[in-house]
Structures are given as structure tokens and as C-alpha cells.
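J.: The chain contents come next:
2 protein chains.
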Amino acid sequence: MNIVIVGLGIIGGSYAKALMKYTDHRVIGINRSSAPLEMALKSGAIHEAGTIHSLETADMVILATYPAAAVKFIQNNGSNIPPNCIVTDAAGIKGSICPELKDLAGKFGFSFVGCHPMAGKEKSGFSASDADLFQKASLIITPCGASEKAVNKVIELSKVLGFGKITISTPREHDRMIAFTSQLPHILASAYVLSPQCPNHKGFSAGSYRDVSRVASINEKLWSELFLENKEMLLSEIDMFMDNMNNIRKAIDKNDKEEIERLLKKSREVKEALGE
Amino acid sequence: MNIVIVGLGIIGGSYAKALMKYTDHRVIGINRSSAPLEMALKSGAIHEAGTIHSLETADMVILATYPAAAVKFIQNNGSNIPPNCIVTDAAGIKGSICPELKDLAGKFGFSFVGCHPMAGKEKSGFSASDADLFQKASLIITPCGASEKAVNKVIELSKVLGFGKITISTPREHDRMIAFTSQLPHILASAYVLSPQCPNHKGFSAGSYRDVSRVASINEKLWSELFLENKEMLLSEIDMFMDNMNNIRKAIDKNDKEEIERLLKKSREVKEALGE
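Protein sequence lines correspond, in order, to chains A and B.
Residues 1 to 276 in the numbering used here are what the first sequence lists, from first letter to last.
Residues 1001 to 1276 in the numbering used here are what the second sequence lists, from first letter to last.
Next comes chain A alone, as it looks inside the complex (with noise of 0.2 angstroms):
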């Protein structure tokens, strides 16, 4: 296949390489500037460094820039796809970009199949790049409406690349978990790190601290984005998340000894329940 990545950063440039490394498929950058697409054909990421017209002969298009600017893609350049082409992306977020190109998939005639690797770093840009950054992570497969056969394709190719568990979903199921599991934890650990007692805390701390406090460095551009088109499901959880935190607040200034072992064994409940 002719593969075509638009977007040439951490998870665009980890696809390159990954499929580098474990495919014999011909690899297609396509970058805004010039400087990833330069390291990336240095480094042997692709096989060349493409235009808009690369796509005209592209079996597989993966749009691996952040989310609105995926939906814009494919808006400016969705009539040089063809119709046995398919699209998918790698946004972290699905139910405000996915209606919206699958329209743009039906309108312009190729399929489109929506895709979120979970997985990162706390690094990002093509630098932060690795061909086993997909090694056992989960993928979340949204097909909105593709056919089977697609859908197939990418989750073929997926397992290739290294991907563990696979999941099928919806957008608005994948949005309310990832507000919990992904969005949720980035807010806490950026919120935990404003303690005037953090810039002290070596030698006082230990795993509890380096666990909660590792995602607190973020690309403030990419999930302020990624935060507003999941704004409902986001403030709903915060909000979920506030309510409990409250609870145990309470209990503590009020002396409630009970009250905080009922609140605490409840939680370790929930993690025993999954065996964790």
C-alpha cells in the first residue's frame, strides 16, 4: 500500500517508523513545515516526503495532526483522495471531528474508519518518535459507519504495528470514557504540581508522587484543544471527581474516622473488583 501520514509529530512520526520497521509498505510524509519531514527522511522514517498530490495515489491516508486541523485536511484536500482510499486518524477525541468526516468521507467517496492509539509520551514532536511506541497499547476503533472491510484493514495493519487490546466503539462511549481515563488525570496531575511544596519535594516523596505528578507535562496546545471538543463529558467527571474529593474533605475536618475508612474502603473496593 501507499501509505500517507499527515503530521509528522510524536504519534504521526511513530507510525512512520513503525511502519518502517514492520511493514513493506511505502511511506508518505506530509507536514506543515519542512524540518520534521527533512528529520524524517534523514532518519529513514519515510520513503519520500510528499504534496497534496501524494494523496491522489494513496491506499491508506492516517491524519495525525491535532483534531480540528484533521477535520480542515480533509476539507481543503478531500476531493485529491480516491475512493477505495482509506482515511482514518489519531485524534484524541472523536465524537466533535468523526460525524464530520465521515460526511466529508461520504461526500468525497473514500471510507473513513476512526482510530485512537493510546498511547504517548510526555514528550511530543517527531524527536519523541519511536517505531515501538504502539508495542501492546490499546487502540480504540470507532468505524462510524465504515464497512467491515475497511474496518478490517485497519485493525490487520494495527496488529502489525504492535497494537494489543483493540476496542470498538462509538464516539460519545470513547469521549466519556477518555474524559475519565485520559483527559481527568492529565487535569489532576497539572493541578497537583501548583502545591508551593512541589519544587521541594526530593527526598520526601516516593512512588505516589513521581505516579501522579508524571503527566503534569503537557502540550498545552494540543489538550486545551483536546479538553474544549470534550468539554461536556470533561466537566461532568471533574465535576464527579470534585463531589468525592469534597466527601473526603468533609470527613477529615470533621474528625470522622468512620466516615473516612467508609470513603477509602469503598475505592479500594472498586480497584480490588478489578483485580488491580
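Note that these hints are calculated values from the structure, not bench results.
Ideal Cβ positions, reconstructed from N, Cα and C, are used throughout, including at glycine.
Just so you know, nobody snuck in bad clues.
Pairs of lysine-lysine residues, derived as DSBU-like cross-links and limited to a Cα-Cα distance of at most 35 angstroms, are as follows: (1) A/Lys-221 <-> A/Lys-21; (2) B/Lys-1266 <-> B/Lys-1121; (3) B/Lys-1072 <-> A/Lys-254; (4) B/Lys-1265 <-> A/Lys-221.
With the Cβ distance kept under 8 angstroms, some of the chain B side facing chain A (calculated, not the full set): (5) Lys-1165; (6) His-1186; (7) Leu-1188; (8) Ser-1190; (9) Gln-1197; (10) Phe-1204; (11) Leu-1235; (12) Lys-1257; (13) Ile-1260.
Pairwise CB distance ranges (calculated): (14) A/Ile-168 <-> B/Lys-1159: 47 to 55 angstroms; (15) A/Lys-221 <-> B/Gln-1075: 57 to 65 angstroms; (16) A/Gly-275 <-> B/Arg-1172: 38 to 46 angstroms; (17) B/Asp-1132 <-> A/Glu-48: 47 to 55 angstroms; (18) B/Gly-1109 <-> A/Asp-239: 53 to 61 angstroms; (19) A/Glu-259 <-> B/Glu-1232: 14 to 22 angstroms; (20) B/Ile-1168 <-> A/Gly-275: 36 to 44 angstroms; (21) B/Lys-1231 <-> A/Arg-172: 36 to 44 angstroms; (22) B/Lys-1121 <-> A/Glu-48: 48 to 56 angstroms; (23) B/Lys-1231 <-> A/Pro-99: 48 to 56 angstroms; (24) A/Ser-236 <-> B/Lys-1121: 29 to 37 angstroms; (25) B/Lys-1136 <-> A/Lys-250: 32 to 40 angstroms.
Start from chain A and add chain B according to the hints.
T.: For chain B alone, kept in the frame of chain A given last:
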């Protein structure tokens, strides 16, 4: 030395096993219930199951019970401890017990050196203990007026048992830092997993979920005591955290992308300044 360990839970049990593995000291265990003592004897974690009379020939006593129980133990049995003995503890809070233990040391004539080994697991009890639990772990020492000789003896032994970074602190500084580095993360984790989304996270989660939720499996009896014994500092950390959460929440609610970016950037810069 004759070293008496009071309380053979995960921490006391790990001290016993580490002393057996890395030193030639004689290890004597004391425990309220007999089952852990028998397990410890059988598994070779202690040389003998002691009684309060074992204190009479002790060169060092390690209090590894819950905090309030450690004070009570010394109130009841301190007269059995000889003047040349060093008593140390393992409690996760210091301000509420160290002054009292210091006074008792003065009254009975032995030395008291407060210790907080920053190590643990998501399990508790002797069966979770491990000779290498302290390998590279941080240790916080609150000398509370003990002689340099006594403090150095504790430091020396701690290094032999595998501890890495050793920090000397005051009870007040210890408790302020621990409220941030350890207690708050345990509360966040506990509040986090109460979301109705949590039981369905599999297939939708990756490192962020895993790391933030890790310490939600908590020994509620121990931690409710630790929280209440450090109430003032902990509530202050919770309130700062909630303020920071509210700021991010408000910015999302108002669709204020610039403000979200500004807040996330601040957090990223804290982590970067720490080289994390």
C-alpha cells in the same frame, strides 16, 4: 546488636527480613497477635519471638506499629528499655507523635530518633514484607534532639539495609511535605476511582489511568489515622489542590483556551524546572 522490632506488618516484617539478609544483628520480633510472629519465625525473618522483657537487653527498638499505638507501646513499656538503647519508628506522620516520644525518651533515659521509611506496596501485613523493600528508598529522619551519635547509628544501619537518599528534617517540615507528596495523592486516587466509568475502563485506558489510580488500594484503618494526625497540613494541601482544579474547570467551562493553556504551561514548567 539486639534489635527488637515492634509490629510485624509490611514495614516491620521488611525491617526484620532486611536485617537478616544484610546484617549479623540478632532480630527479635514482638507482635500483638501471634500469627505474624509464627510466620516470621517459620520463614526465618526473626531469630526469636520476643516479649516485653526482650526490651531489657535491646540495643535498638524499631516501632513499626500504627502511629498512636507506637506512643502507647512506649508509655506502657518504656521502663523496660535500657538507657543505652536507641528507639526509632516508622510512622508516616511525625508532628503528632515525635514530641511525645521525645519526652518519653527523656523520662526513661533512652534515645529516640524518628524515622519515616518512604516505602510500601498496595498490600499490607507480614505476608507483603520483603527483604528488599527499602532498596534505594528514601528515608526521612527527624532527630528530635537525639545525639549525633545516635542519629549516625540509625543512618549507618539504614544504609546497610539498602536505603538511598536520607533526608534530615523536622516533624513540622516532614508533615507538610508528606501531606503533599504522599497523603494528597492517596486521596486523589481514592476520589478518582469512584467515577461510574471506572469499572469499565479496560480497553479505554493506558498509563494515565494506571498511574493515578495505583494507590487507591489503601489500608483504610492506617490511612484514616495518618490523615487525621496530619489534619491541618493535609486540609491546606487539599484546598490548594481544589483551587487549582477549580481554575482549570472554570477556564474549560468558559471556553477560555488561552487561560487553559496558561495554566497547563505553568504546570509543565514546574515539572521541567525539576528535570522531570
